[in-house]
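The listed protein sequences derive, respectively, from chains A and B. Anchor point for the first sequence: position 196 equals 196 in this note's numbering, and the numbering is continuous, going up by one each time. Anchor point for the second sequence: position 14 equals 1014 in this note's numbering, and the numbering is continuous, going up by one each time.
It should be emphasised that the hints constitute simulated quantities derived from the structure, not laboratory data. Warning: the hint list may mix true and false statements.
Chain A side only, calculated, beta carbon under 7 Å to chain B, not exhaustive [claimed, not checked]:
(1) A43
(2) D44
(3) R46
(4) V47
(5) D143
(6) K144
(7) Q172
(8) P174
(9) P177
(10) R178
(11) G179
(12) D194
Note that the structure is predicted; figures quoted are calculated from it, not measured. Where is the CB? At the ideal position from N, CA and C, for every residue including glycine.
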Amino acid sequence: MSESSKPIDASRRDFLTKAGTTAGAAAVAPGVFLSVTANAKPADERVSGEKRWGILVDTNKCASGCNDCVTACEQENGWGSSEPNSNAEQQAHWIRSVEIKNKSTGFAKTLPMMCQHCETAPCVDVCPTGASFRRADGIVLVDKHICIGCRYCMMACPYKARSFVHEDLHDQKPWAPRGKGTVESCTLCVHRVDEGRIPACVESCSAENHNALVFGDLYDENSEISKELKAQDSVEIRADLGLNTGVRYRGI
Amino acid sequence: MSPSSPARLLFAIVLSLLLLPLAATADSDDDEGKDPLPFSSLSFPEPARHFSATQKCVQPESEMRRNHMKYILHQRDETMHQGVRTRQYSLEECVNCHASKNDEGEYLPVNGPDQFCSSCHSYAAVNIDCFQCHATKPVRTSTLQTQSSRNHDAPHLLASEGQAK
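Use the sequences and the hints to build the structure in full.
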């Protein structure tokens, strides 16, 4: 076994996980959360294909009218009110709250819709410059240094996950650079994940005690997400496309 | 008229143009410590100096003047594609150190007029694209001081170029 092989260095990380890993956040003291998971990597280490990050969305736990994950994403990544002059339909939507309704019965529910971080991502396939790419650990990103703003990826995406910035932006977050003329989408909070933290949407969902979102390593069979996926049924949206998405849903 | 006279005239003009820099530097020879480059007596703007009082730059000043863009470019690709998030050569740490405050104590954009980045870049007529997307003001506190104690190696792309003293 090489040094970098899969199992987590348990002895080093045990003290963090002992306080409970419901959402990957360990309570240090009342009201104080240490949101470092057992999966933190050193800053100078490259990501590897030994992990694959994913999210399980249990729509049964999604409170009707709840928008916390969207708000948390807006605040974390600095989108939402950043493009006042753009058409409402063209504004950034890294994550959306979508209402689905069964027309025959009238039953309706809401679910969060964002980049599904496909294994065989159509956006990566069609990108003419290589700007749209999939990181070794399964996170699909746009390298905005290379993006020419052609928007092929937006057309290719079956989930309408991507958006295009139409106007000059100011006061971006240092950890989430965004700019006019480039395409963007959910990054699975890659800046947080690299530090061993969980995405902002998942954190906010747990903070509200809804716990509809579970984040973790799909390749680690001891991770909470893998156990959940094994224990109960879940689906990929548009599974017929065979994209092997990193985001799975329950209750739809 | 001799056929070579236009050529001679041209030669004389070219020669006088070539000698012009020598004439310009001749009168500044007595200024010790000044840059001995041609036209150095011409006025040229002093870059706005906004440094942290406690944090030294990640490389010697002369090295950074010449090669800062290479360090940033190298870091950019490693961070974007491989998730390497060391702070040593990150653009955010450049901004953390080099942004200055106004009289009210608020940070000014580092690419604003007469600020650290733009003062040199406008003189050199080199456009900076970084800040169309990247933050221009410090947001998070610097972690560089703890990082720099780890004694990072320079990226291999610069290893062959040697480091100026």
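Out of the numbered hints, which ones does the structure contradict? As far as the earlier hints go, not one is violated by this structure.
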